[in-house]
Amino acid sequence: MEPETFPEELADALVGVQRLMRRRLRREMTDARLRGAEVDLLRLVETRPGIGVSDGAKDLGPAANSVPTLVNELVQAGYLVRETDSADRRAARLLPTLAAGTRLRAWRRRRADLVRRHVSRLDETDRQALHAAIPALRKLAGTLHEEAEET
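This note's numbering puts the first residue of the sequence shown at 1216, with every later residue one more than the last.
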């Protein structure tokens, strides 16, 4: 690996793994499919119950007008509850439903099972290398998140 190509190679590997995991997990789905942005919003609301729509848009980064559309779709699907903010009647707070929690837990379980099966096919050296990379990948995600919040 050449230092000048490392960032591109890493980005390609991460995107490739994520794309293949999503494809495999979608094939196993019995529920109606959710788009990536819908899952991202559900995960955010689960992590931060009561988050406002505008804060959700800021965290997720999509165009400001797409988050209200996602919220409406997830409310209609029974995965989110939109409540009026008692401190600001013009603002809405988002809460996950029990159905959202159930679906996200099932998705995480299927994702972990998929990764477990495929990691088990690797030799011990590769498994250890992946395990050792987790802290660095988390730090990378943290710096990406920090930069997104600065803009």
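Hints listed in this document are in silico derivations from the structure and should not be mistaken for laboratory results. It is possible that some hints are incorrect.
[Stated by the list, open to error] Pairwise CB distance ranges, derived in the manner of DEER restraints:
id: 1; residue 1: Arg1304; residue 2: Thr1340; range: 52 to 62 angstroms
id: 2; residue 1: Asp1270; residue 2: Leu1225; range: 22 to 32 angstroms
id: 3; residue 1: Arg1320; residue 2: Thr1299; range: 46 to 56 angstroms
Ideal placement from N, C-alpha and C gives every residue a C-beta, glycine not left out.
> Honestly, which of those hints from before does the structure not fit?
Replying inline: 3
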